[in-house]
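Residue numbers (the working numbering), protein chains in the order written: chain A, 1 to 95; chain B, 96 to 582.
Any given hint might turn out to be false.
Keeping only pairs whose Cα atoms sit at most 25 Å apart, straight-line, the calculated DSS-like set for lysine-lysine is [claimed, not checked]:
no., chain 1, residue 1, chain 2, residue 2
1, B, Lys134, B, Lys506
2, A, Lys43, B, Lys482
3, B, Lys482, A, Lys40
4, A, Lys72, B, Lys184
Restraint-style ranges between C-beta atoms, simulated for each label pair [said to hold, decoys possible]:
no., chain 1, residue 1, chain 2, residue 2, range
5, B, Thr350, A, Thr60, 38 to 46 Å
6, A, His10, B, Ala382, 53 to 61 Å
7, B, Ala431, A, Ser32, 42 to 50 Å
8, A, Ala83, B, Leu211, 23 to 31 Å
9, B, Ala148, A, His10, 34 to 42 Å
10, A, Met1, B, Met96, 58 to 66 Å
11, B, Glu374, A, His10, 40 to 48 Å
12, A, Ala78, B, Arg354, 52 to 60 Å
13, B, Ala490, A, Lys72, 48 to 56 Å
14, B, Trp436, A, Pro51, 27 to 35 Å
It should be emphasised that the hints constitute simulated quantities derived from the structure, not laboratory data. Glycine included, each C-beta is placed from N, C-alpha and C at the ideal position.
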Amino acid sequence: MMLSLEEIEHIADLARLQLTPEEKELYRQQLSAVLDYMAKLRKVDTASIEPTASVLPLRTVLRPDVTRPSLKPAELLANAPAAEAEMFRVPPVLE
Amino acid sequence: MSLTDLTLHSAAEKLRAGEISSLELTEAHLARIETLDPKLNVFLTVTAEQARAAAQNADEVLHAARRSGATPPPLTGLPLALKDVLTLKGIRATGGSRILENFIPPYTATAAQRLLDAGSVIVGKVNCDEFAMGSSTENSGYFPTRNPWDTARVPGGSSGGSAAAVAARLALGALGTDTGGSVRQPASFCGVVGLKPSYGRVSRYGLMAYGSSLDSIGPFARTVADVALLFSVIAGHDPLDSTSMPTPVPAINFTADLRGVRVGVPREYFIEGMQADVEQAVRAAIAQLQTLGAEVVEISLPHTEYAVPVYYLIAPAEASANLARFDGVRYGPREAADSLWEVFERTRGARFGAEVKRRIMLGTYALSAGYYEAYYGQAQKVRTLIKQDFEQAFAQVDVIACPVAPTTAFKIGERSHDPLAMYLEDVFTLPPSLAGICGLSVPCGFDQQNLPIGLQLLGPALGEDKVLRVGYAYEQATAWHRLRPGL
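Looking at chain A on its own, in the form it has when it is part of the complex (with noise of 0.2 Å):
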C-alpha cells in the first residue's frame, strides 16, 4: 500500500516536523515499504491474547506524597535558548 502525499502531510503535521518535498517523497516511498512489511502481522491470531504494555510485574510504584527538593529554576532554565524572569521565552502562538 503506498501512502498519499496528503497522508504524508498530515503525520508530519502531527509530529511538528517540517519536512521538504523531497524528504515527504523520500518518506512517502520508505514508510510505504516498511508498512507493507509489517502486514504480515495481521497474519498472526491475537483474538485472545492480552497486549504486553510492560515486560515488568511492576504496576503503579507509589512513594509518599511529601515535597522533596528538585532542580532550581535557574538550572533548568540553562539550557534554554531563550528565558526570562523564570520563564522561557517563545514567540506567540500565531493560526
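Fit chain B to the supplied structure of chain A, relying on the hints for placement.
What follows is chain B alone, placed relative to chain A:
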C-alpha cells in the same frame, strides 16, 4: 604490556598494589585517544581535565586504602567511557543529535553516578546513532565511528562508540544502551563482550529515552569478568526509576565447566541468507559448550519471524512520544521562527536526522486515530506471544545460544540507503528485547576477512548470572578475547 592492554580486573589489582597509579593509567588512555581518535571518531566529548582530577583523587583513595588495609571501591581509578545518551552533570550530552548540540545536563544519570561512586574515571562521552536509533552508528548527527578492526567498516550500533572505545583500548570499559540489540550487535562487530541486562535491572534515570518499554543500559569490556563487574556496580533498584526492579542482583559464580547446564539452540535463528562463516563460528562455539559439559538441545521460538515488524512498530511509537520534548523551547538550539508552531516544526525538521524523522513518522502513524489497533495494538499482542516463546523455552533450558547478527561488520555506506535492510540486521537481537530478557554477546571467532563474530547467550529475565557464567566458561576455554585489532 602497555597500560591500555590491561583489563579492569588486572588494572585494579596493579592499582591496589601500588604498582601503577591511576594518573599514569588515565594519561596512557588519554594519549592513545589523542593519537587514534582522529582515525576512529569514537569520542564526541573527551573529558581530559575532569579525568585527570578524578585520577588524582583515585590515587589518594588508593594510597589511604593501602595504609589502612581497607578495600577501595571496586572501580577506583579505572578509565571508562559513556554513550552520549547518558547524562553527567555539567558535561555536554548530545544523544548523538544536533538537536542537543549544546546541551549541558543539570543532573547525572544513576548508572553513571554508580560508576563514579565506585571510583571510576570517566574519559569521555562517546558517539552513537542519534537517540540510539540505528544499527551502525552512521545515524549519528556528527560523524560515523569506524570499526577498529577495519576502519572502512561500521562498528555496529547504536552503541558503536562504546564498543569501538573498548576494542581500540581507548577505555577499559564502557556503558552503552540496548533497545533492540544496540549493545550486543556492536559488541559482536567489534570483538568485545557486551551485556544487555534484563529490562528493569539498571535504572534508566538520566538516560535519554528512546523506547521506554525496551531501553536497557549495558556494559562493554574485553572480558566477561570485567562486564560482570561493571554490571554489579550499575544494577539494582533505584527509587528514581519506577520501572527498576526491586529484586536483588545475584552474585555470579564463575566455573570452568558447564555440567548440568542445559543450552537451547533455536532453529529459527539459523536462516537463509546469513553469512556462512558466521553460522559456522556460532555452531562451533555451541559445540565447545558441549565439550565443557553442557547439554545442548534444539528448541523452537516460533514467533521469531514477527519480531522485526513488532519492534519497528512499538519502538518508533514510543520514540514519537519520547522525542516530542525536543521542541526548541527548553534546551538545544532553536531555529528562527515567527510563531510557536514554527519553532517546533523548523527546529525539529532541521535538527533531527533522517532516521529519527523516519521513526517519528512511523510511530506517529502507528498511533494515529484509525490505525492504533491495527498497528500498535496488534504489535503489542504479538509481543506477548514472543515473550511467551521465551518463557516456554526457559522451562526446558537454562540459556539459549544463537548468533548475534546475520553478518559481520559491513562497510560504511553499504546499508544506509535501505532502511528496511538495516532493520532486518536486527533479526536475532530484537526478540529478546521485546521479551525483556537478558543477553550477552561474547567473541567466538572471525570471518574470512578477519572481522569479529559474536555468540549470543540469552537468559531468562533477571537471569544475568546464568549467561555470564556460561559466557565465562566459554571464554576461558578459547583465546578470542586475547586478540586485538592492529591499531
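Review point. Taking each numbered hint in turn, which are not upheld by the structure, reported in ascending numerical order?
Key: 7 and 9
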